[in-house]
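A.B. asks: One letter stands for each residue in the lines below.
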Amino acid sequence: MSLCYQCGKCSAGCPVRYYMDIAPNKVVRLIQLGYYEEALKSETPWLCAGCLTCSVRCPKEFDLAKFMDAVREIAIEKGVEVKQENILKFHKAFLDQIKNHGRSYEVGLVAEYKMKTLDLFQDVDSAPGMFLKGKLDLLPHNIKNRKEIKSIFKKTSGKK
Amino acid sequence: MKYGYFPGCSLTSSAKEYDISLRKVIDKLGISFDEINDWSCCGATSAHVTNHKLSTALAMRNIMLAEQQGLDNIIAPCAACYNRLIISQNEIGKHSGIRKETEDLLSVKFKKDIKVFNILELFLKSGINKIIENRKRELSELKAACYYGCLLVRPAAITKFDDAEEPESMEKIIEATGAGAVDWNYKTECCGAAHSIARRDIVVDLSKKILDDAITHGANVMVVACPMCHTNLDMRQRAMKRKYPDHKEFPVLYLTELIGLSLGMDEKELGIDLHYTNFKYADTLLNNSAKG
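So the sequences go chain by chain: A and B. Residue numbers for the first sequence follow our numbering, so the first one is 6 and each next one is one higher. Residue numbers for the second sequence follow our numbering, so the first one is 17 and each next one is one higher.
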């Protein structure tokens with residue numbers, strides 16, 4: 006991280022910079038200067054789409070997209086309030102499907118996401134179409150060795 | 017030629033047509049797949065943005081299964097799966113600590129270096145000449161904007177494939193089908209990816225810019241190789257139309273569908289009718305009788 010000399014090329018090319026509260030390079034700067042709380046509270050890491058544009062353009066070859074992964078993970082560990090809470094709820098709902106079935110289950114994902122966010126009306130226009138086209142399966146695709154998946158989730162959850 | 021196959025979750029649901037068209041096309045080209053038994057989700061965006069250990073273990077479980085099945089390589093048609101698999105392999109290779117942690121989690125020792133290929137590599141290696149030899153339909157009216165998205169060519173140090181800013185490999189495949197490819201600016205610009213549900217507003221804006229740039233540069237179809245990109249660029253055009261009333265529906269095909277069309281297959285056979293946008297050239301093209 007000390008590699009970063011704040012040229013700002015990452016922020017200049019970031020496709021989601023416009024929606025962020027602070028520029029990506031500023032999140033790095035906050036951490037460099039020891040303002041951890043401010044960095045962890047920022048919406049920026051949550052809005053990062055992980056497109057890797059910054060990582061491939063950085064003149065110092067600093068992997069900023071991976072750095073954003075780390076900031077998010079630390080924010081979760083420390084229980085920092087995530088302002089972009091729907092994004093976190095989406096990720097949790099997605100991972101719950103994997104934990105239960107071994108594969109993504111879109112109906113379960115959308116149902117859980119809507120229950121958690123109470124955002125009931127978004128996508129009511131596309132879901133029936135997906136059913137009619139046979140794209141959404143009502144039942145999940147369960148893998149055989151779900152025990153192994155559950156064990157991976159358990160061992161990596163950080164909880165004993 | 018035989019390849020290991022990791023379809024990934026999307027190809028069994030929202031991107032069924034990508035799987036359908038891929039299987040039809042490789043069958044025609046004499047390539048066969050050996051699907052990884054009991055494969056599981058690669059962890060996708062949600063794992064790597066929240067839990068690094070989990071994301072590596074979920075991705076590597078599939079590499080482990082491929083190794084146990086005796087496979088030497090894997091085709092991962094979903095760009096996001098491809099990216100997670102190669103990034104996890106790279107981390108295991110570079111950091112002995114991550115390797116040990118993942119091996120302990122999965123109770124396994126990784127021995128083989130299994131090569132993961134993306135869909136473009138598959139056709140560049142085993143398909144270009146066969147596509148040309150088996151071409152049945154004239155596609156010269158199509159002007160394709162080849163959209164790579166973020167994850168097929170990045171990070172270049174790990175993908176070791178094409179250029180991260182100005183890739184050209186998909187154009188080579190498109191040319192083999194007889195369709196044209198336009199020169200445009202947003203080949204690798206992000207569509208908003210996994211924000212499709214939680215921040216649809218962002219996805220609509222970014223995807224609209226990508227489609228507009230393709231149209232400005234004379235394209236009449238967009239060609240993609242990622243289920244997430246396809247969802248955002250195809251299905252999200254309804255939301256796009258609501259936010260930008262002047263938006264005109266623009267067809268978005270999977271690369272395998274376009275190859276299938278050139279090989280003489282019809283729209284329905286390839287699952288093109290499962291898209292939200294209409295492939296408006298279908299009638300003209302499909303009336304174009306097969307050459308041989």
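Read the hints as simulated data drawn from the structure, not as lab findings. Some hints could be false.
Claimed, not checked - In silico lysine-lysine, PhoX-like type, Cα no more than 20 Å apart, as pairs:
{"id": "1", "chain 1": "A", "residue 1": "71", "chain 2": "B", "residue 2": "110"}
{"id": "2", "chain 1": "A", "residue 1": "160", "chain 2": "B", "residue 2": "176"}
{"id": "3", "chain 1": "B", "residue 1": "141", "chain 2": "B", "residue 2": "176"}
{"id": "4", "chain 1": "B", "residue 1": "176", "chain 2": "A", "residue 2": "71"}
{"id": "5", "chain 1": "B", "residue 1": "125", "chain 2": "A", "residue 2": "160"}
{"id": "6", "chain 1": "B", "residue 1": "176", "chain 2": "A", "residue 2": "65"}
{"id": "7", "chain 1": "A", "residue 1": "71", "chain 2": "B", "residue 2": "69"}
{"id": "8", "chain 1": "B", "residue 1": "257", "chain 2": "B", "residue 2": "225"}
{"id": "9", "chain 1": "A", "residue 1": "138", "chain 2": "B", "residue 2": "110"}
{"id": "10", "chain 1": "B", "residue 1": "69", "chain 2": "A", "residue 2": "152"}
{"id": "11", "chain 1": "B", "residue 1": "141", "chain 2": "A", "residue 2": "155"}
{"id": "12", "chain 1": "B", "residue 1": "40", "chain 2": "A", "residue 2": "159"}
{"id": "13", "chain 1": "B", "residue 1": "125", "chain 2": "B", "residue 2": "40"}
{"id": "14", "chain 1": "B", "residue 1": "257", "chain 2": "A", "residue 2": "97"}
{"id": "15", "chain 1": "B", "residue 1": "159", "chain 2": "A", "residue 2": "138"}
{"id": "16", "chain 1": "A", "residue 1": "159", "chain 2": "B", "residue 2": "69"}
{"id": "17", "chain 1": "A", "residue 1": "83", "chain 2": "B", "residue 2": "69"}
{"id": "18", "chain 1": "A", "residue 1": "159", "chain 2": "A", "residue 2": "83"}
{"id": "19", "chain 1": "B", "residue 1": "40", "chain 2": "A", "residue 2": "160"}
A.B. asks: If a hint holds in the structure, say so; if it does not, say that too.
C.D. replies: Hints and how they fare:
1. A:71 to B:110: 15 Å, holds
2. A:160 to B:176: 33 Å, violated
3. B:141 to B:176: 15 Å, holds
4. B:176 to A:71: 18 Å, holds
5. B:125 to A:160: 18 Å, holds
6. B:176 to A:65: 19 Å, holds
7. A:71 to B:69: Holds: residue 71 of chain A and residue 69 of chain B sit about 13 Å apart, inside 20 Å.
8. B:257 to B:225: 13 Å, holds
9. A:138 to B:110: 44 Å, violated
10. B:69 to A:152: 18 Å, holds
11. B:141 to A:155: Answer violated: residue 141 of chain B to residue 155 of chain A is near 38 Å, above 20 Å.
12. B:40 to A:159: 39 Å, violated
13. B:125 to B:40: Judged against 20 Å, a Cα distance of about 36 Å means the pair is violated.
14. B:257 to A:97: Given that 20 Å is the threshold and the Cα spacing comes to 30 Å, the pair is violated.
15. B:159 to A:138: Not satisfied, since the Cα-Cα distance of roughly 27 Å exceeds 20 Å.
16. A:159 to B:69: The hint holds at about 11 Å.
17. A:83 to B:69: 17 Å, holds
18. A:159 to A:83: Within the cut-off at roughly 19 Å; holds.
19. B:40 to A:160: Violated, at roughly 40 Å.
In summary, the structure is inconsistent with hints 2, 9, 11, 12, 13, 14, 15, 19 from the numbered list given earlier, while agreeing with the others.
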